[in-house]
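K.L.:
Here is how the chains run, residue by residue.
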Amino acid sequence: MTTRHHITAGFLPLLDSALLVVAREKGFAEAQSVELTLVRERSWATIRDRLAVSHFDVAHILAPMPIACNLGLSAPAPKMVVPMALGLGGNAVTVSAALWDAMAKCGATDDLDARASGAALRRVIDRRNEETLRFGVVHPYSAHNYELRYWLAASGIDPDREIEIVVLPPPDMGDALAAGLIDGYCAGEPWNTFGVLKRSAHLATVKAAIWKSSPEKVLGVNARWSEGHPEALHALLRALYSASLWCAEPQNHGELANLLAGPSYVARPAELLLPALRGVLPIGAGQTRVVTDFFVPNAKAATFPWKSHALWFYTQMVRWHQVEHTAEHQNIAGGTYRPDIYRNAMRSLGVALPSASAKVEGALRTETPVGSSGALTLGPDGFFDGSLFDPDDITTYIAAQLGQ
Amino acid sequence: MKPSRLNVLVIDENRIRAAIIEEGLRDAGYDQITVIDEMRGLARRIADLNPDVIVIDLENPNRDMLESFFQISRAVKRPIAMFVDKSDEASIEAAVEAGVSAYIVDGLKQERVRPILKMAISRFNAFSRLNRELEETKGELENRKLIDRAKGLLMRSRGLSEDAAYALLRRTAMNQNRKIVEIAQSLLTAASLLDPGADE
Chain L
1 MTTRHHITAG
11 FLPLLDSALL
21 VVAREKGFAE
31 AQSVELTLVR
41 ERSWATIRDR
51 LAVSHFDVAH
61 ILAPMPIACN
71 LGLSAPAPKM
81 VVPMALGLGG
91 NAVTVSAALW
101 DAMAKCGATD
111 DLDARASGAA
121 LRRVIDRRNE
131 ETLRFGVVHP
141 YSAHNYELRY
151 WLAASGIDPD
161 REIEIVVLPP
171 PDMGDALAAG
181 LIDGYCAGEP
191 WNTFGVLKRS
201 AHLATVKAAI
211 WKSSPEKVLG
221 VNARWSEGHP
231 EALHALLRAL
241 YSASLWCAEP
251 QNHGELANLL
261 AGPSYVARPA
271 ELLLPALRGV
281 LPIGAGQTRV
291 VTDFFVPNAK
301 AATFPWKSHA
311 LWFYTQMVRW
321 HQVEHTAEHQ
331 NIAGGTYRPD
341 IYRNAMRSLG
351 VALPSASAKV
361 EGALRTETPV
371 GSSGALTLGP
381 DGFFDGSLFD
391 PDDITTYIAA
401 QLGQ
Chain X
1 MKPSRLNVLV
11 IDENRIRAAI
21 IEEGLRDAGY
31 DQITVIDEMR
41 GLARRIADLN
51 PDVIVIDLEN
61 PNRDMLESFF
71 QISRAVKRPI
81 AMFVDKSDEA
91 SIEAAVEAGV
101 SAYIVDGLKQ
111 ERVRPILKMA
121 ISRFNAFSRL
131 NRELEETKGE
141 LENRKLIDRA
151 KGLLMRSRGL
161 SEDAAYALLR
171 RTAMNQNRKI
181 VEIAQSLLTA
191 ASLLDPGADE
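For the record, the sequence lines run as chains L and X. All residue numbers for the first sequence refer to UniProt numbering, where the first residue is 1 and numbers rise by one. All residue numbers for the second sequence refer to UniProt numbering, where the first residue is 1 and numbers rise by one.
Where hints are given, some of them may not hold.
From the derived model, a few chain X residues whose C-beta atoms are all more than 10 Å from chain L [said to hold, decoys possible]: (1) Glu93; (2) Ala126; (3) Asn175.
Between beta-carbon pairs, the in silico distance windows are [stated by the list, open to error]: (4) X/Ala19 / L/Arg347: 48 to 58 Å; (5) L/Asn129 / X/Asp27: 46 to 56 Å; (6) X/Ser128 / L/Asn129: 50 to 60 Å; (7) X/Arg15 / L/Asp393: 23 to 33 Å.
Some, not all, of what chain L presents toward chain X, calculated at C-beta under 7 Å [unchecked claim]: (8) Glu30; (9) Arg42; (10) Trp44; (11) Ser355; (12) Ser357.
Rather than coming from a laboratory, the hints here were simulated on the basis of the structure. Cβ coordinates follow ideal geometry from the N, Cα and C atoms, glycine included.
Turn these sequences into a full structure, and let the hints guide you.
P.N.:
Here it is as structure tokens:
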């Protein structure tokens with residue numbers, strides 16, 4: 001008789017909780033003898049706290065947050081490991097109808113191009129006499145915060161002086177926008193689609209345009225639990241991998257949207273969840289755009305926990321003065337993501353794995369077959385401004401961004 | 001500064017629970033207490049109040065906003081999570097278990113604010129207990145109604161006395177290793193299928 005593993009996972013009601021939800025609901029967890037209990041929460045702070053006191057063994061969590069916890073930026077912080085990503089992409093920058101009007105007059109195009117929309121926003125700010133534009137993000141240690149800031153800075157906008165960035169719960173973003181409390185936001189789905197379809201907002205650009213093939217949520221694991229339960233963790237990772245394959249099948253998108261729409265999960269209409277799954281996004285004024293890599297659950301090694309991803313988030317924490325750059329901090333950040341655990345878990349599945357644990361982000365300009373088997377393709381993984389991030393030369397990268 | 005001079009802010013959308021905590025704190029001698037149960041304009045109000053201690057429930061979706069506000073704000077004294085003292089794992093656990101979290105102004109001695117957290121934890125627990133009991137009482141009332149209806153059905157259809165009808169239900173439940181209310185429910189369901197209106 002095989003051992004049964006009882007695992008409790010915390011999650012927030014967002015589209016990218018899909019892998020956990022599908023692992024449970026479509027029997028992939030069961031197939032790995034994992035009894036998976038999913039507990040919905042309403043803030044990342046509470047996810048963190050409940051991981052800290054072992055109410056949760058694992059959680060759907062913002063990709064940079066476990067790094068922030070391990071760096072001691074957030075208390076009470078559990079020591080955490082990240083053995084898996086829960087997909088790539090999934091975010092967008094949404095702006096109010098009024099701001100979009102102004103941006104369109106300054107040359108923004110409605111093809112979601114990050115360069116054009118960033119340049120337009122720069123011109124809007126130059127011409128503006130009213131109060132500072134305000135953008136919402138979901139958390140200070142979120143991919144949303146870093147990609148929004150990266151996009152602004154690379155467009156010549158100082159995110160600390162020329163824009164005000166505030167934190168709001170994702171479900172409040174659309175209403176805050178409609179009420180004029182904020183002018184734009186960077187959030188996950190379904191909240192961009194909600195803003196566009198229900199609050200007359202407009203998409204300015206998407207995560208998949210700012211930094212291609214970049215992670216958004218990961219599986220955050222209490223390090224103590226991980227050490228004590230390697231088999232359970234491996235079984236869960238395999239279940240999540242199978243779930244990622246299922247989520248990636250276009251014929252499953254309708255069922256997935258309905259599943260996530262259920263009262264225990266995202267609890268919003270399936271019509272708000274389908275666009276991101278299909279990669280056909282309403283962008284405003286009744287138009288849609290196809291973004292095939294908007295949310296990638298499996299392809300391009302989407303669940304692989306690249307150390308270069310962890311280290312890029314770390315450089316942004318340094319860049320925006322959340323933490324000081326030291327060799328020790330860099331080690332802690334890089335060591336948070338654990339491709340070794342991922343590899344050990346996947347061995348028995350015969351999944352094609354990247355042979356490296358880190359890569360130069362931005363080096364792949366096109367989809368590129370990697371590895372000997374050729375079963376895996378990676379990229380493109382570029383930043384919209386064409387710059388490269390070499391995880392072996394972090395100090396130079398940080399210095400350049402800090403303008404030193 | 002006496003303990004009672006601490007400026008305490010309670011953020012809780014559940015007004016009843018907030019009132020219970022406020023009362024507890026007042027009884028303990030804290031007289032500068034503000035309760036916010038409306039989340040609109042929260043950041044502005046915190047800046048105005050400039051509290052020494054903030055007590056907030058774990059279900060509040062604004063916790064991320066609150067924590068980010070503490071990081072960047074120059075408008076308020078710098079609050080930090082109560083649980084920075086890692087040796088205090090038991091109290092972290094008790095607080096999370098109870099569903100409450102607290103932030104204190106950096107530099108304030110933990111001993112001075114610990115009683116506030118303790119009070120919040122015990123009042124949160126008391127509130128949950130109260131809620132649970134209320135739910136149970138409500139459930140019991142529902143169960144009693146179902147059993148009464150099943151009894152009535154047996155009394156009418158089989159000419160049994162009330163005691164005999166109840167005994168029959170109880171015996172059946174025991175034989176099938178089920179609860180009386182489950183037997184009552186099955187009986188009522190079966191009756192309504194066979195003869196709509198039989199239970200009226």
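K.L.:
Hint check: is the beta carbon of L/Ser357 less than 7 Å from a beta carbon of chain X?
P.N.:
violated (30 Å)
K.L.:
Using the C-beta atoms of X/Arg15 and L/Asp393, is the stated range 23 to 33 Å upheld?
P.N.:
violated (56 Å)
K.L.:
Just to be careful: measuring from the Cβ of L/Arg42 to every Cβ in chain X, is the smallest value less than 7 Å?
P.N.:
holds (4 Å)
K.L.:
Would the hint on L/Glu30 stand, with a C-beta cut-off of 7 Å toward chain X?
P.N.:
Given a least distance of 27 Å, the restraint on L/Glu30 is violated.
K.L.:
Quick check on L/Ser355 please, does its C-beta sit within 7 Å of some C-beta on chain X?
P.N.:
Because about 37 Å separates L/Ser355 from the closest Cβ in chain X, which is outside the 7 Å limit, the hint is violated.
K.L.:
That 48 to 58 Å hint for X/Ala19 and L/Arg347 (C-beta), does it hold up?
P.N.:
Since the Cβ atoms of X/Ala19 and L/Arg347 sit about 57 Å apart, the hinted range of 48 to 58 Å holds.
K.L.:
Hey, does the L/Trp44 contact hint survive, CB to chain X under 7 Å?
P.N.:
holds (5 Å)
K.L.:
CB of X/Ser128 to CB of L/Asn129, is that within 50 to 60 Å?
P.N.:
Holds: the Cβ-Cβ distance is about 53 Å, inside 50 to 60 Å.
K.L.:
Just want to verify: X/Ala126 was marked as not at the interface with chain L; is every Cβ pair farther apart than 10 Å?
P.N.:
With a cut-off of 10 Å, X/Ala126 remains clear of chain L, as the shortest Cβ separation is near 20 Å.
K.L.:
Going by Cβ atoms, does X/Glu93 stay more than 10 Å from chain L at every point?
P.N.:
violated (5 Å)
K.L.:
Is the Cβ of X/Asn175 farther than 10 Å from every Cβ of chain L?
P.N.:
Correct as stated: the minimum Cβ-Cβ distance to chain L is 32 Å, above 10 Å.
K.L.:
When you take the CB atoms of L/Asn129 and X/Asp27, is the distance between them in 46 to 56 Å?
P.N.:
holds (54 Å)
When the structure is compared with the earlier hints, violations turn up for hints 1, 7, 8, 11 and 12 and for no others.
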